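Undergrad: Fit chain B to the given chain A structure using the hints.
Heads up: the sequence lines are chains A and B, in that order. Here the first sequence stands for residues 1 to 371, where the numbers follow this note's numbering. Here the second sequence stands for residues 1 to 371, where the numbers follow this note's numbering.
Note that these hints are calculated values from the structure, not bench results. What you are looking at is a predicted structure, and each value in this text was computed from that prediction instead of being measured. A couple of the hints might just be wrong.
[Claimed, not checked] For lysine to any residue, the following SDA-like pairs were computed, each having C-alpha atoms within a straight-line distance of at most 20 Å:
1. A:K247 / A:G274
2. B:K289 / A:A67
3. A:K78 / B:D298
4. A:K319 / B:K78
5. A:K47 / B:K308
6. A:K319 / B:R64
7. B:K78 / A:D292
8. A:K319 / B:I115
9. B:K47 / A:I303
10. A:K308 / B:E48
11. B:K47 / A:T307
12. A:K133 / A:K170
13. B:K319 / A:R69
14. A:K308 / B:K47
15. B:K78 / A:T307
16. B:K319 / A:R64
17. B:K319 / A:Q112
18. B:K308 / A:H77
19. A:K78 / B:A291
20. B:K238 / B:M256
21. A:K308 / B:R72
22. A:K289 / B:L73
23. A:K289 / B:E68
24. B:K110 / B:P147
25. B:K319 / A:N81
26. A:K319 / A:D292
There are 2 protein chains.
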Amino acid sequence: MKFTIHKTSGSARTGVIETAHGAIQTPVFMPVGTAATVKALSVDDLKEIGAEIILGNTYHLMLRPGAERVERLGGLHKFMNWDGPILTDSGGFQVMSLSKIRKITEAGVKFQSHIDGTEYMLSPERSIEIQHKLGATITMIFDECTPFPATHDVARESMELSLRWAKRSKDAYVERPGYGLFGIVQGSVYEDLRRISAEGLKAIGFDGMAIGGLAVGEGQDMMFKTLEHTVPHLPTDKPRYLMGVGKPLDIIGAVMRGVDMFDCVLPTRNARNGQIFTKQGAINITNAKYADDASVIDPNGGISALTKYSKAYLHHLIKANEILGCMLCTRINIYFYVNMMREIRAAIAAGQLEEYYEGMRKVFVKEEAEM
Amino acid sequence: MKFTIHKTSGSARTGVIETAHGAIQTPVFMPVGTAATVKALSVDDLKEIGAEIILGNTYHLMLRPGAERVERLGGLHKFMNWDGPILTDSGGFQVMSLSKIRKITEAGVKFQSHIDGTEYMLSPERSIEIQHKLGATITMIFDECTPFPATHDVARESMELSLRWAKRSKDAYVERPGYGLFGIVQGSVYEDLRRISAEGLKAIGFDGMAIGGLAVGEGQDMMFKTLEHTVPHLPTDKPRYLMGVGKPLDIIGAVMRGVDMFDCVLPTRNARNGQIFTKQGAINITNAKYADDASVIDPNGGISALTKYSKAYLHHLIKANEILGCMLCTRINIYFYVNMMREIRAAIAAGQLEEYYEGMRKVFVKEEAEM
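Looking at chain A on its own, in the form it has when it is part of the complex (with noise of 0.2 Å):
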């Protein structure tokens, strides 16, 4: 896996990742596709909103359908039909997040399907085994997502417990060309653990580097000042991954202080309540005021779901519960975030990713607090 970069412009940098599934311009913004699909968009939705890269997750594949039956039956890129790259989560944060009941120990976690109570074990390597019979093009190593708020001493022996993790996943990790193996800085909110984290890491050697326990209720100027202490511990020509970040703003101040490339549910998650992100901030299409607003989302938008759709039948399909509500607000906030990401790259190109900023500032801050 190969990492070319561009430019530069003080901390951001734009550039381009060639896997074995294609090209990744970065910045990127990697739609999340958890059981095999982008939730209400077709594969053929997601080339023609421009998506580069999705999201796979370990956890949620493993139960259902499992890995060796993906295995079986080609791979997660044939079983869903997307040739493009995939990045899988190793299942560590869902694991916490999800399952019923979990048993940590130095060897894995032990725990209990959230669909059926099955009980499963998840080590590193066998996250490292499933994530390579699903087939991901960028393989996560698997960590212990430190919970927030977490004293120094409890982040402290979280993060070295995802060092040592981080090294068996290595070591269970098999090399292909146009594939990659990722680490992930924990540490929680404190810069020392950040470091000795990034520094360990480092030693062991990864494809690329993601900054994990972060947007779990910290705040964005927690977020910033940790990412201002990390980076410069993180190795300058590997990509960086800012991982389940953000809503837009979270993301351009991250990439200002470079980041290369983030996942996050918010645009898929929200678009199913009505939540769609435009260029004149974030609407809730089920506002009373949209139900006779003949105007379209953008005019001059480049899908269909942005210039053919009223904001009335929007709102009307949200309201009625209608797939097809749905299916377009998904696409058209997957839209905003990839063409969002363009833009972004084009600012740094330009050396104007300040004002994109500003710019997006004025119009996000005070939709944000309503999202």
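TA: For chain B alone, kept in the frame of chain A given last:
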């Protein structure tokens, strides 16, 4: 609205209805777009599948978003971005089956919305007015759907009420070139009542004739018998529409008895539960035997939902309640129905409708029992 018959074969015929919104090849299946959307399909999907006309529901649309609102927004075509013909039912059937409380008088039907309990009144005049505001290409008269079973006396009184309402519907209807108003024959399963109803409607004069009150539990034999009693009393030179029908063999059998138009929620509703219509019969994709089935529904099929996604993937999506499962299975089923009508038209033109029916009977008669 002009109806031209091209070929006949026994009672079956092919033809074309020319409307203000384009031509409709008959026999035709009309996908049901209850609340201004065919559930889980975009209009682009409908165009790709080859649907030529869709249904809208007066009852649903009057409750939400409201007929006056749709009119203000430019009519149903513009509202839902569909430029082809739309047939709207009159609301009579849904008032009986969905609304909470109702009082039927000579004037019309008082009922409460199943959504929020608001009280509404539907009369022949109001139903026709609503359909006019929606901009329906084909408007249906407001009738009473006779319950099944009904005694001869009850069926007669209900049919006579529907006839008086048919006259009031005709009087309220505003004629425009390329638009049409259809009568609806009632009379339950009684030959004499069906004849009286048909003759009464012919005397009033309509652009097409629907056969109502069937597919309500009387069974296929009784339905076919009632068609055989009814169709001879309908004008030869007007389209004939069997409302709410049906399964593949119901449709082919009805075409053989002279019917030109059909609608049914079966292919859309069942798709969302994983029942898929294939050339090998109806299958339930949630069946465990499909969990590892790497084959696609039809490698030579006309849409990507048939050719690009394995049965195992469709199985997974429906089991996991993924919206994409509804999207793909609905495309598959509506394509099956639209394509079946194409094959029926070709079989009529070739004088081979009996052979086509026999071929389909071998595939579907067993599976239909499982529906």
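Undergrad: Each hint: holds or not?
TA: Here's how the hints hold up against the structure:
{"no.": "1", "hint": "A:K247 / A:G274", "result": "holds, 16 Å"}
{"no.": "2", "hint": "B:K289 / A:A67", "result": "holds, 18 Å"}
{"no.": "3", "hint": "A:K78 / B:D298", "result": "holds, 17 Å"}
{"no.": "4", "hint": "A:K319 / B:K78", "result": "holds, 19 Å"}
{"no.": "5", "hint": "A:K47 / B:K308", "result": "holds, 15 Å"}
{"no.": "6", "hint": "A:K319 / B:R64", "result": "holds, 9 Å"}
{"no.": "7", "hint": "B:K78 / A:D292", "result": "holds, 13 Å"}
{"no.": "8", "hint": "A:K319 / B:I115", "result": "holds, 11 Å"}
{"no.": "9", "hint": "B:K47 / A:I303", "result": "holds, 17 Å"}
{"no.": "10", "hint": "A:K308 / B:E48", "result": "holds, 17 Å"}
{"no.": "11", "hint": "B:K47 / A:T307", "result": "holds, 18 Å"}
{"no.": "12", "hint": "A:K133 / A:K170", "result": "holds, 16 Å"}
{"no.": "13", "hint": "B:K319 / A:R69", "result": "holds, 15 Å"}
{"no.": "14", "hint": "A:K308 / B:K47", "result": "holds, 15 Å"}
{"no.": "15", "hint": "B:K78 / A:T307", "result": "holds, 13 Å"}
{"no.": "16", "hint": "B:K319 / A:R64", "result": "holds, 9 Å"}
{"no.": "17", "hint": "B:K319 / A:Q112", "result": "holds, 19 Å"}
{"no.": "18", "hint": "B:K308 / A:H77", "result": "holds, 12 Å"}
{"no.": "19", "hint": "A:K78 / B:A291", "result": "holds, 15 Å"}
{"no.": "20", "hint": "B:K238 / B:M256", "result": "holds, 16 Å"}
{"no.": "21", "hint": "A:K308 / B:R72", "result": "holds, 17 Å"}
{"no.": "22", "hint": "A:K289 / B:L73", "result": "holds, 14 Å"}
{"no.": "23", "hint": "A:K289 / B:E68", "result": "holds, 16 Å"}
{"no.": "24", "hint": "B:K110 / B:P147", "result": "holds, 17 Å"}
{"no.": "25", "hint": "B:K319 / A:N81", "result": "holds, 18 Å"}
{"no.": "26", "hint": "A:K319 / A:D292", "result": "holds, 13 Å"}
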